[in-house]
Every structure is written in C-alpha cells, then in structure tokens.
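For the protein sequence lines, the chains are R and V, in the order given.
Numbering-wise, the numbering used here comes out as the position in the first sequence, counting from 1, plus 1098.
Numbering-wise, the numbering used here comes out as the position in the second sequence, counting from 1, plus 8.
Heads up, some of the hints might be wrong.
[Unchecked claim] Computed beta-carbon distance windows for the label pairs:
1) 1112(R) <-> 85(V): 32 to 42 Å
2) 1120(R) <-> 57(V): 24 to 34 Å
3) 1175(R) <-> 28(V): 36 to 46 Å
[As the list claims (entries may be wrong)] Stretch by stretch, here's where chain V covers chain R in the computed footprint (C-beta under 8 Å, at least three residues):
4) 1134-1142
5) 1145-1155
6) 1190-1197
7) 1202-1210
Hint data in this document are derived by calculation from the structure and do not stem from the laboratory.
Note that the structure is predicted; figures quoted are calculated from it, not measured.
Glycine included, every Cβ here is placed at the ideal spot set by N, Cα and C.
Chain by chain, the residues:
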Amino acid sequence: NAGVTQTPKFQVLKTGQSMTLQCAQDMNHNSMYWYRQDPGMGLRLIYYSASEGTTDKGEVPNGYNVSRLNKREFSLRLESAAPSQTSVYFCASSSAGNQPQHFGDGTRLSIL
Amino acid sequence: QKEVEQNSGPLSVPEGAIASLNCTYSDRGSQSFFWYRQYSGKSPELIMSIYSNGDKEDGRFTAQLNKASQYVSLLIRDSQPSDSATYLCAVSYSGAGSYQLTFGKGTKLSVIP
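Next up, chain R with everything else stripped away, as it sits in the complex:
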C-alpha cells in the first residue's frame, strides 16, 4: 500500500524560480491537504481540498497555488520562490475533514 506519495523528496531552488510539488493518494480519500512544517511553528495548513473540484485557503496561503487535478492528485505550486518558503512540505489525505489524516513522507525544500 503506497498511501500518500509525494515527489520530489528533496529540492533546492534559487530565489524567483518556480516549481510544483506533486501529491497522489491511493486510498480513495475525498479530502487532501498541504502543510508546511518549520522549527518551533508546528504544522501549518497552506491549502486544502475538501472534495474533488474544490480548493480553499488555509492559514498560510500567500505565495502558493494549488490544483486538485482529480480525486487522487493534489499539487502545490510556488510561482516565485522566496527564502521564507524554505521548509518541509507535507501532503495529507483523509476520507472526510473530521477524520484522521494520513501523511506523505514530505518534501524538503531549500530556497537560496
């Protein structure tokens, strides 16, 4: 069982570059989420998709965009990367919003 798969696992960018983080789940979950985790800040919600075809902003959406491509896939895009976006990014999914979330292995992103 793959669960939630994130790619890439590591990435180094220069300021101003763009990139897309990919996430796919094989649990037939309706809801998907993107978080960032920084030391001392805990997990902060960037964007979420409660169901296929919908996306909503979370706590820290500035500088990011998302696409719910289909029920399985939810991507996160950085249009113009900034050093403040250096972080570990986690994708998660759940059957519904009040159910437990299952996390991918994360993407470690450094922006120079």
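Fit chain V to the supplied structure of chain R, relying on the hints for placement.
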C-alpha cells in the same frame, strides 16, 4: 482562531515508566481528536483517534478525552526508548463549510534507558 496547546517539553521519563502528554483546545464544538507521533526527520504517524468522552486504550497507549474541560491526553505505559519522538495533538474544527484539523506544536518525549 482555533488553538491547540501542548507543552513543548522536552519530557523525559525513564524506561518502563508512564509518560503523560497533555493537550488543551479552544473550540468547544470540536468532535474529533487525534494523536500523532513524529520521529525526527519523518512524517507524522497516526497513533490514536478519540471521539467521545472517556478513555480509549490501544496496546500501551491510552487516550483520554474530557470535552467539558476541553482537554485531551495521551498516556504511554511501559515507555520504551523507541517511543522517543515528538507527539502532536490534532483537533478537528468546522470552518467555511468543511472540517479541518488544527495541530498543536508538539511535545518532545525522551525515554531514558
């Protein structure tokens, strides 16, 4: 602003002892509560879910929920060095017509052999 508060620790306990991790939350309407374990450099892993007042046991883990006091706790019996990790409390809340989870910042647990 929905808040979930945890003592950041570190909490140090000797091997074989009971570790007690606590969490308070601000939203009285919250219905679902979760404990995650996160090893350093790894992703959060779900270890317990609890939805109603009282205790829920799973192996060496017991989750306790008191909605009146807005308090949820995790007890780890017979603590092992492999339990050394950061434990995240997560609470569901309703907003913008859907549910999300709010995570605490985590309590770091060290089990001393």
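Now for the hints, and whether the structure bears them out:
Between residue 1112(R) and residue 85(V) the beta carbons are some 50 Å apart, a value that contradicts the proposed interval 32 to 42 Å. Checked against the given bound of 24 to 34 Å, the beta carbons of residue 1120(R) and residue 57(V), roughly 28 Å apart, stay inside it. Checked against the hint of 36 to 46 Å, the C-beta distance between residue 1175(R) and residue 28(V) comes to roughly 42 Å, which is consistent with it. Chain V is given as covering the segment 1134-1142 of chain R, and this holds because 4 residues of the stretch bring a CB closer than 8 Å to a CB of that chain, at least three being needed.
With a cut-off of 8 Å between beta carbons, the segment 1145-1155 of chain R has 3 residues touching chain V; three or more are needed, and the interface restraint holds. Counting residues of the segment 1190-1197 of chain R whose beta carbon lies closer than 8 Å to any beta carbon of chain V gives 4, which meets the minimum of three for the stated coverage. Only residues whose C-beta sits within less than 8 Å of a C-beta in chain V count toward coverage, and the segment 1202-1210 of chain R has 3 of them, enough to reach three; the restraint holds.
Hint 1 from the list above is the single one not met by this structure.
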